[in-house]
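**Q** Those protein sequence lines, which keep their order, are chains A and B. Going by my numbering, the first residue of the first sequence is number 1445, and it counts up by one from there. Going by my numbering, the first residue of the second sequence is number 907, and it counts up by one from there.
Careful, some of the hints might be misleading.
To be verified - Among the chain B residues that face chain A by a calculated CB cut under 8 angstroms, a handful are:
1. Arg1031
2. Ala1034
3. Pro1044
4. Pro1050
5. His1058
6. Leu1059
7. Leu1068
8. Ser1110
9. Leu1157
10. Ser1158
The hints are simulated quantities; they were obtained by calculation from the structure and are not laboratory data. Beta carbons are placed, not taken as given, at the ideal position from N, Cα and C, and that holds for glycine.
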Amino acid sequence: MEYKLTFKEYNKSLKKDKLLGLKCNDCGTVTCPPMMVCGECTSMNHEISELSGKGKIVTFTTSYIAAEGRENEAPYTIVMVELDEGPWIMGNLVDMDPKKVTMDVIGKRVKLGNRVFPGDKFSAGDITRPAFSLDN
Amino acid sequence: MRRVAVIGTGHSKFCFNSPKTSVEMLSEVAMDAINEANITPKDVQAVNVGNVLGDFEEGQGMVQSFFANDIGCFNVAASRFEGACASGSMAVRDAVMWVASGYYDIMLVGGVEKCTAMGTSLATRTFAMFGDSRYEFPAGFTFPAVFALLSHLYASQYDISLPTLKEQMASVSVQSHEYAIKNPNAQIQKQITAQDALNSFMVSTPIQLQDACPFSDGAAAIVIASEEVAKKLVKKPVYFAGIGQASSGKLSSQKKYLPRIRARELASQQSYSMAGLTPKDMDLCELHDCFSIAAMIAAEGLGFFEYGKSGEAWLNGETRIGGKIPINISGGLKAKGHPIGATGVSQVYEVTRQLRGDMIDQGRQVEGAKNGIIDTLGGDGVLVSMILTNQ
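Given the sequences, and given the hints that come with them, work out the whole structure.
**A** This is the structure:
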């Protein structure tokens, strides 16, 4: 059984601001980030689908500490976004001063961009993540 | 299945910068547990150890074998369990099943960690390995950040203003510090006020330093045995009435339930159902308060309070001795400390000693306690629940 949407392919697309997920042909659920099976019904009858990259913030935090090697990124804001297609995805909020982000951002609409974590000795290469900005 | 009992316990002082190695810390507490059980190392048929980051802390993998050899449990089967902060509980639960099944009669279970040897920044990096490395670490995922995300979600979902939630969170930490002063094994024996908590360094909004457990070094161990063997060896065996374990995936994949942790609810339902007991039957609880908000979410998931209401319970003293359900009378991870591989074993140690009535001298005995529950959360995805009873 082959993995339909590998991390490698997902990562390559996200670098071009294209967010890929898997749409289930059995139950219609969209799974993103990708998994082997549909996150809802466990079917493997799904296909790769490009998502809009739009959604709303469900929660956030501004971190003043960071893991080894990433100290210069702090402070930074992490957001959990509910995409219009249904999945939740973790990314950063990049167009606001992290120190000024408050509970008011919950529910705000955002659109997708990307940032690349260049990697460290534990990460097996670079990794791209969604970088959201407010979609006014 | 046979009933299984704890017959011996050992616990180091949890601390910063232990001068001892992991094998030394673990060996000392294991010998205490073996002595208390009235056995010798030769009677131990197998060893389980919870250890998470030995590879990074001392460059020591498979600590379980070196440890077993060190204490004279020569050539026994020795297994290491890794489920982040729930590793020790996983090691206990697995051993309980081996003894319950009849495969072994006596097992030794330990947990050890030397987190502070890594320093804060490598420790933050390695702890973050227990989130999803591909899809969540790149955004700057750390464990304070995870519980910070859950804090804001909790406030928004249950319609609690952030200042109110912060006051509730502070009360969780204040209580833990108060009990830790009475626990000689606790890492931080210092009273704090709610104001101290609210004035402390901002780690990841809204989590402040005094909402968070420390990095810790330490070890704990227990000896377990079948009921028949236990009754021959000790006067007060404490029995495992129920055990449960469940898992979950990356944080975003838990969207339907957050800020509830579904795997915790499933794991605790397994233990309640196996024990034939309910949350109302519990006389005390040691739960996974890696952050103050984590304690609140856990107390609700274990069935003690309604969703969104546990903060009020802490503020009202319902979680203290004499309250509805005494929680973390050890000082919890917050103040007792959190040497991650040892934590689950330490929780079992605490509840066992409470159920034996051993805490009177320390001034923190839950009088007449019959049943106690422990809850351990590892990373994004291992939840273990165990119920102990002296009945």
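**Q** I'd like to know which numbered hints this structure contradicts. Please list them from smallest to largest.
**A** When the structure is compared with the hints, none of them turns out to be violated.
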